[in-house]
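*Asks:* Listed below are the residues making up each chain.
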Amino acid sequence: GNSVTQMEGPVTLSEEAFLTINCTYTATGYPSLFWYVQYPGEGLQLLLKATKADDKGSNKGFEATYRKETTSFHLEKGSVQVSDSAVYFCALSAPTGANSKLTFGKGITLSVRP
Amino acid sequence: DTEVTQTPKHLVMGMTNKKSLKCEQHMGHRAMYWYKQKAKKPPELMFVYSYEKLSINESVPSRFSPECPNSSLLNLHLHALQPEDSALYLCASSQETGTLWGYTFGSGTRLTVV
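Residue numbers (my numbering), protein chains in the order written: chain A, 1 to 114; chain B, 1001 to 1114.
Among the clues, some could well be false.
Some residues of chain B that are not near chain A, with every Cβ distance over 10 Å (derived) [what the hints assert, rightly or not]:
1. 1013
2. 1018
3. 1059
Below 27 Å or equal to it, Euclidean Cα-Cα: the simulated DSS-like pairs (lysine-lysine) are [unchecked claim]:
4. B/1018 x A/68
5. B/1040 x B/1022
6. B/1019 x A/60
7. B/1018 x A/106
8. A/101 x B/1009
9. A/60 x A/106
10. A/56 x A/77
11. B/1019 x A/52
12. B/1036 x B/1018
13. B/1036 x A/106
14. B/1040 x A/106
15. B/1041 x B/1019
16. A/52 x A/106
17. B/1053 x B/1040
18. A/106 x B/1038
19. A/101 x A/52
20. A/77 x B/1053
21. A/101 x B/1022
22. A/101 x B/1041
23. B/1009 x A/106
24. B/1053 x B/1036
25. A/101 x B/1053
26. A/77 x B/1041
27. A/60 x B/1041
28. B/1040 x A/60
Honestly, the hints are just simulated from the structure, not real lab data.
Here the structure is a predicted model, which is why all the values come from computation and not from measurement.
Heads up, the beta-carbon is just placed ideally off N, CA and C, and yes, glycines get one too.
Okay, chain B solo, but in the shape it has when bound (with noise of 0.2 Å):
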């Protein structure tokens, strides 16, 4: 299994909800992340995860609230987001931090707030 997959592929949520994405990956990769992309822009990394432990923490809003339940498995809980968050939301994964090999992508959530 060389994949990283995210779920759902679609989500429409409004501003009080509270609705959680979910990466899983098989690889043995022990560093995982989150990636927030708005439209014709490069990818923004939000966190990152290694050993199951977060050790990178972008200055993201506490609305964006980030989970690893174990090595195969990263969440990310959403709760009174702004139709400004609305944008692709990827994971990845790779070997360890600081790889040389780079990541691997997962095919994204494509959030819309309304």
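Just chain A, with the same shape it has in the complex (with noise of 0.2 Å):
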């Protein structure tokens, strides 16, 4: 089946600083790829999304790259504000039809120091 899997967290950054969160997959097909954020006590907010291999989702300085020679789409960011503070699930669509499922990975929390 389906999974993704994230690195273990939580991660603790200073505000400016570099950000990379792991993630890889295991699908069958061609799934689309996506991060989500979640807030504090909000819901979940899709950050970016790629639905093709080199594709590179972007939005609000966040990236992502579709690796499909490495089953990865690791998220980064160049330098991190406190705003960012937050979860972020890794997570994928594939196509199967009408039982198609959005597969989350465990999710990592983020915090950021001023």
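Two chains, two frames, some hints: make the complex.
*Replies:* Following this line, the structure appears as structure tokens:
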């Protein structure tokens, strides 16, 4: 079946530090890949997505590139801010028809210190 | 309108109560979902509706009863819940099931069962 593996957390960084959050996946076919962010007390927001190999998704300074050869979709940001403190979920959607589901990784908590 | 709206935001109910959660979207999406999220965990899929018909029930106990009155509305009826059912309940929608484009999530209903 499909699965998503995220690096273990939590992650604590100082403001303006470089961020990398690793995500690898297992899926049949050609899935779409997503990063969702959940701020404290809120629902999930789509941060960025990529639908085919070598696509780069980007939003709010975050980037992730769909790497089919390494089955990875690592999230990066060059300079984090305190407001980026949240839980980040990597996810995939494999379009297999009516029973297709969004499969999430375990999530990782990011805390950014001033 | 690009939102999924959930009401109420917070709900406290006793184990003998009957209550309902409501979800609404006006994006023309034909797939709608209920997820349950416990603290520091990824969302777990409960139900999927496709074109107003239930297409996936992830072996959810019968004390949770979904309903899709029309293409814009999704309800979750709750009856005789247990304290362990306390969680954040998230509604989501997508253009179709098996979509490559990800889901739009609501902000959730935080449910406490006492």
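*Asks:* Give a verdict on every hint.
*Replies:* Against the structure, the hints:
no. : hint            : in the structure
1   : 1013            : holds (20 Å)
2   : 1018            : holds (24 Å)
3   : 1059            : holds (14 Å)
4   : B/1018 x A/68   : violated (48 Å)
5   : B/1040 x B/1022 : holds (24 Å)
6   : B/1019 x A/60   : violated (38 Å)
7   : B/1018 x A/106  : violated (32 Å)
8   : A/101 x B/1009  : holds (25 Å)
9   : A/60 x A/106    : holds (23 Å)
10  : A/56 x A/77     : holds (13 Å)
11  : B/1019 x A/52   : violated (42 Å)
12  : B/1036 x B/1018 : holds (18 Å)
13  : B/1036 x A/106  : holds (14 Å)
14  : B/1040 x A/106  : holds (8 Å)
15  : B/1041 x B/1019 : holds (25 Å)
16  : A/52 x A/106    : holds (23 Å)
17  : B/1053 x B/1040 : violated (31 Å)
18  : A/106 x B/1038  : holds (12 Å)
19  : A/101 x A/52    : holds (18 Å)
20  : A/77 x B/1053   : violated (41 Å)
21  : A/101 x B/1022  : holds (22 Å)
22  : A/101 x B/1041  : holds (17 Å)
23  : B/1009 x A/106  : holds (24 Å)
24  : B/1053 x B/1036 : holds (20 Å)
25  : A/101 x B/1053  : holds (16 Å)
26  : A/77 x B/1041   : holds (23 Å)
27  : A/60 x B/1041   : holds (24 Å)
28  : B/1040 x A/60   : holds (24 Å)
Consistency note: the structure conflicts with the earlier hints numbered 4, 6, 7, 11, 17, 20.
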